[in-house]
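Chemist: Protein sequences appear in the order of chains A and B. Numbering-wise, our numbering puts 121 at position 121 of the first sequence, and it's gapless, one number per residue. Numbering-wise, our numbering puts 11 at position 11 of the second sequence, and it's gapless, one number per residue.
Any given hint might turn out to be false.
You can't tell identical chains apart in this list, so a pair holds if it fits in one copy or across any two.
Think about it this way: if two alpha-carbon atoms lie no more than 20 Å apart in a straight line, the pair counts; the simulated EDC-like pairs of lysine to aspartate or glutamate are [what the hints assert, rightly or not]:
hint	residue 1	residue 2
1	Lys222	Asp183
2	Lys261	Asp43
3	Lys261	Glu50
4	Lys261	Asp37
5	Lys261	Asp46
6	Lys108	Asp31
7	Lys261	Glu271
8	Lys47	Asp90
9	Lys261	Asp206
10	Lys222	Glu97
These are calculated hints, taken from the structure and not from any lab test.
There are 2 protein chains.
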Amino acid sequence: MTPTRPVFYVSDGTGITAETIGHSLLTQFADTRFTTDRIPFVDTADKAREASQRIREAGEAAGVRPIVVNSCVDNELYRIIAESGGLMLDIFAPFIEPLERELGETRKLRVGQAHGMVDFEAYHRRINAMNYALTHDDGMIMDFDDAEIILVGVSRAGKTPTCVYLALHYGICAANYPLTEEDLEADRLPAKLRPHRHKLFGLTIDPIRLHQIRQERRPNSKYSQLDTCKREVAQAEHIFRNERLTTLSTTHTSIEEISSKVLTTLGIHREMF
Amino acid sequence: MTPTRPVFYVSDGTGITAETIGHSLLTQFADTRFTTDRIPFVDTADKAREASQRIREAGEAAGVRPIVVNSCVDNELYRIIAESGGLMLDIFAPFIEPLERELGETRKLRVGQAHGMVDFEAYHRRINAMNYALTHDDGMIMDFDDAEIILVGVSRAGKTPTCVYLALHYGICAANYPLTEEDLEADRLPAKLRPHRHKLFGLTIDPIRLHQIRQERRPNSKYSQLDTCKREVAQAEHIFRNERLTTLSTTHTSIEEISSKVLTTLGIHREMF
Chain A
1 MTPTRPVFYV SDGTGITAET IGHSLLTQFA DTRFTTDRIP FVDTADKARE ASQRIREAGE
61 AAGVRPIVVN SCVDNELYRI IAESGGLMLD IFAPFIEPLE RELGETRKLR VGQAHGMVDF
121 EAYHRRINAM NYALTHDDGM IMDFDDAEII LVGVSRAGKT PTCVYLALHY GICAANYPLT
181 EEDLEADRLP AKLRPHRHKL FGLTIDPIRL HQIRQERRPN SKYSQLDTCK REVAQAEHIF
241 RNERLTTLST THTSIEEISS KVLTTLGIHR EMF
Chain B
1 MTPTRPVFYV SDGTGITAET IGHSLLTQFA DTRFTTDRIP FVDTADKARE ASQRIREAGE
61 AAGVRPIVVN SCVDNELYRI IAESGGLMLD IFAPFIEPLE RELGETRKLR VGQAHGMVDF
121 EAYHRRINAM NYALTHDDGM IMDFDDAEII LVGVSRAGKT PTCVYLALHY GICAANYPLT
181 EEDLEADRLP AKLRPHRHKL FGLTIDPIRL HQIRQERRPN SKYSQLDTCK REVAQAEHIF
241 RNERLTTLST THTSIEEISS KVLTTLGIHR EMF
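Bound conformation, chain A alone (with noise of 0.2 Å):
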């Protein structure tokens, strides 16, 4: 058997760049069993000779070469942290010069600055974004004058986990409205999200999925019984086809990808955090 390869994720900063693309490049390596760990606010000389021992260590508790996935931009850590012996997959070095070149200007060496707090104004936002999610979940306030973004569905087909990912990593201020019995029943949407009707989006689910969903929540009771979750989302459906909503099963989607979709949807762009 093929021994587990110890990945470790080295930053000056959070680690979250490094985390990230190295994710991304291990999902393409099916056949090799990966161990990761995090290395973050390596910005010190001590402190890249503590993470290049742990990595050599690592290595040769495992029998096998570790991976580094750096985000450091020193040269000096940079150097440290290699030999503990480890491939190193740098992974701002390839771009780096071609950038410099295009743009006629040398980077400046940040350390640890993607994640940091950079923007005042911009965390604020984030913040506000973020208590306007919580404030505005469920239904719980029905003013949406201030909503970039309504999000609309029976209950638990995934409305709440996206707003919370639309403030944290957009700023944006997305409220979500549950569609009630009674919504389902009058066949159409509730006279106050009329004047809202360019910012809203329909998120579905398959009734079976919704139905675990909700047996994990209430158990046995009407509200996760299999013939409940069919009959509303047939209902909730019904209503996004006559509305003509832009609608997204979020059955077998993420909720980066939920995100992704009702953003490119409602034509809204902004930075993401």
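Please build the complex by placing chain B on the supplied structure of chain A, with the hints as guidance.
Modeler: For chain B alone, kept in the frame of chain A given last:
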């Protein structure tokens, strides 16, 4: 004046990996102004041609060569996008060959997998953690048995966004406990937290910053007065010292940095979503 440089994040999936590394690269070039655009889900030749044309037109309009941060792994799609004439930064290419050699395995072409829904169980954990964070926010439910992390601090010190981030990106059940007037006066942690010492992490904040944040929330209230903020922060920090809690100031710290430090301090390792 240098023209604003158009940047495109092009991907066969959500484009999150491309945007993450692209953003990290651009922050290293402070003299150039960029406009950024995301073109996700480019998974057919037709969509690639559309993307290519959009990039070419943006370059013509700006009078400068666009930069394309690309994560499409398919060679044919890559070729079409490259016809746009933009500077192609192919974020996976430099690492594939060294990894293939090291692992003795050829990478699979798994289009748009990184932020897709690969693992149902992991996805479930993520959604459960998210629900946990929302129902255990702000001391609403005082049962901490299932918590992996409990953030402690005065109101508006940054607990909620951090809990939600930990849930969304690491599937971690993080609760938060806002120190009450009673706790602060008693100069100690409430009894309910004592059995969970090893999960506790203290968040503090500069009183002036706290005052600004609270002012936005409840302007000119006793809650938001600078004097109140100063007193509460001093009392909270006194409790943290007495109880020897690891503490972090959130004043100049991003949500990502706080999360990363909390995980490192409490020795929790979890793969990132």
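Chemist: May I ask which of the numbered hints given earlier this structure violates, with the numbers listed in increasing order?
Modeler: 10
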